[in-house]
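S.K.: My request is simple: use the sequences and hints to build the entire structure.
Take a look at the letters that make up each chain.
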Amino acid sequence: MEYFLQQLINGITLGSVYGLIAIGYTMVYGIIGMINFAHGDIFMVGAFVALISFILFALTGISLPIVLILVLLIAMVFTACYGWTVEKLAYKPLRKSFRLAPLISALGMSIVLQNYVQAAQGARIKTLQPVIQGGFNFFKESDFVVTLSYLQIFIVLVTIVLMAIFTLLITRTDLGRAQRACEQDRTMTALMGINVDRTISMTFIIGSSLASVAGVMFVMYYGVIDFYIGFLAGIKAFTAAVLGGIGSIPGAMLGGLLIGLIETFWSGYISIEYKDIAAFTTLVIVLIFFPTGFLGKPDIEKV
Amino acid sequence: MSNTLLDVQNLTMKFGGLIAIDDLTFSAKKDHITSIIGPNGAGKTTVFNCLTGFYKATAGSMYLNKENNKMDLKKFSDFKVAQKAGVARTFQNIRLFPQMSVLENMMVAQHNKLMVASGFSILGLINSKSYLQKEKEAMEISKYWLDIIGLTNRADDNAGDLPYGDQRKLEIVRAMCIEPHLLCLDEPAAGLNAKESADLNKLLKFIKNDKKTGILLIEHDMSVVMGISDHVVVLNYGKKIFEGTAKETKNSPEVIEAYLGTED
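If you read the sequences in order, they're chains A and B. First residue of the first sequence: 1, per my numbering; consecutive thereafter. First residue of the second sequence: 1, per my numbering; consecutive thereafter.
No lab work stands behind these hints: they were computed from the structure. Keep in mind that a hint or two might mislead.
[Stated by the list, open to error] To give an idea of the interface, some chain B residues facing chain A are shown, with a C-beta separation under 7 angstroms as derived from the structure:
| no. | residue |
| --- | --- |
| 1 | D78 |
| 2 | F79 |
| 3 | R95 |
| 4 | F97 |
| 5 | Q99 |
| 6 | L103 |
| 7 | V108 |
| 8 | A109 |
| 9 | H111 |
| 10 | N112 |
| 11 | L114 |
| 12 | I178 |
| 13 | P253 |
Computed from a prediction, not measured in an experiment: that's the story for all the values here. Backbone N, C-alpha and C fix where the C-beta goes; we use that ideal spot for every residue, glycine too.
M.R.: Written as structure tokens, this is what we have:
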């Protein structure tokens, strides 16, 4: 029971990170119908920006809450610039091309980002000293002590707040309305006088900033990053987006949580060495049995 | 003529060797419903596609008189057609946003002014007063139009769930939310029954008379064309074969020939 509880806590934390990345996949798929395979690497860039900012701020001696806010903001702004640039360079020129072209371009962009970071930051792993320490301990008298660290609380809280803001943005504001309109009919949206290119750019900016927050949390939680983390995390978040139903935003949040839980429970009860298999087995099973995911809309063609 | 809204001169559109529009000249007035008719494949929709920037015309000119400001429609494409030139259009098939509510469909069409008012959505997130005011106004405009087509009580339903005839009407009033100077309607009566066609006539007349919006209409349903057109342009094989009032058109031998063939 105590062990189960601990896995649950860890799973929700990990699920938050995946959920934030998955939103970027699902939004981009929704609006331009492509899988942005460079999104995982955008997350990696976010983690690196966070690491560098943390180290720089450590020299200044500013108090921790301010540092956290500043790092989050810096990571979001920088990473959003990367996301925006990737879209302008690699996807926009191909928008009227055949469907596979932007997908190939995305794979290329992913390799470019990885190698760029490798060249700029070196290939060795980078470590960060724990930023937030301590936590609550439960069941102290039993033989397994359940720990809920402050960091985990921070991660889950930030995720909840961001997802709430993001949901409001999509459902209540005119930017969100324009995005949903683009998802359904881009030509018609343009004929309503809406700048579709700008709406798509905004989608990339929002998706990238959410991924960068996931990057900040990742570097704080694990304390170790390298230029290659974007690949695995990206594919797992993609699995999460497919599991929830690609194109569906609540689905991405749900899928992220589920993938986080599946992976942690698998590591906790079956085998930690084979933890990556859990996520990918899920991907295969979902694609075979529920191709539209939990909350996705099936493509029904009216005849 | 001072109240000429749209002035098309020598418009030509070629696709390789195919001449879809051949030296077409016509004009549409502000307070008129101008119909473009002709057999299938006559090039009617191609005219619309040139006007709304989907195609780049091979030759000729298209000018829109917008409050005595002559605008070259050739210079506008994509979202600028609606935003800058003030031309709205519908398609032969219904192109609503089916997964969005009826009201949201109307609000999307008012995006540009809301986007400015909301400071690109940032003020919208924190519900600033000026934004709420603008949103309320947009809501009022939507309700006004929904009242006219009798869909107020379905405002929160998905647009895709409406009956066909209501979707057609919603498309037209959604286009009106852009506050266009010229409204281009591509076969709005297609698939409507007699009563729905009559409703459509009423709606289009209202738009012409009360909103002072010029309407360019492509239509096959002659009860609609003859009932409401002030001016009719007849195309066949991309060429204008006749131009005149509805009554003149009905009796024109060229038009009868194009539609029914020649008597041997």
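S.K.: All the hints need checking, so say for each whether the structure fits it.
M.R.: Evaluated hints:
no. : hint : in the structure
1   : D78  : holds, 5 angstroms
2   : F79  : holds, 4 angstroms
3   : R95  : holds, 5 angstroms
4   : F97  : holds, 5 angstroms
5   : Q99  : holds, 6 angstroms
6   : L103 : violated, 10 angstroms
7   : V108 : holds, 5 angstroms
8   : A109 : holds, 5 angstroms
9   : H111 : holds, 5 angstroms
10  : N112 : holds, 5 angstroms
11  : L114 : holds, 4 angstroms
12  : I178 : holds, 6 angstroms
13  : P253 : violated, 38 angstroms
Against the hints set out earlier in the document, violations occur for numbers 6, 13.
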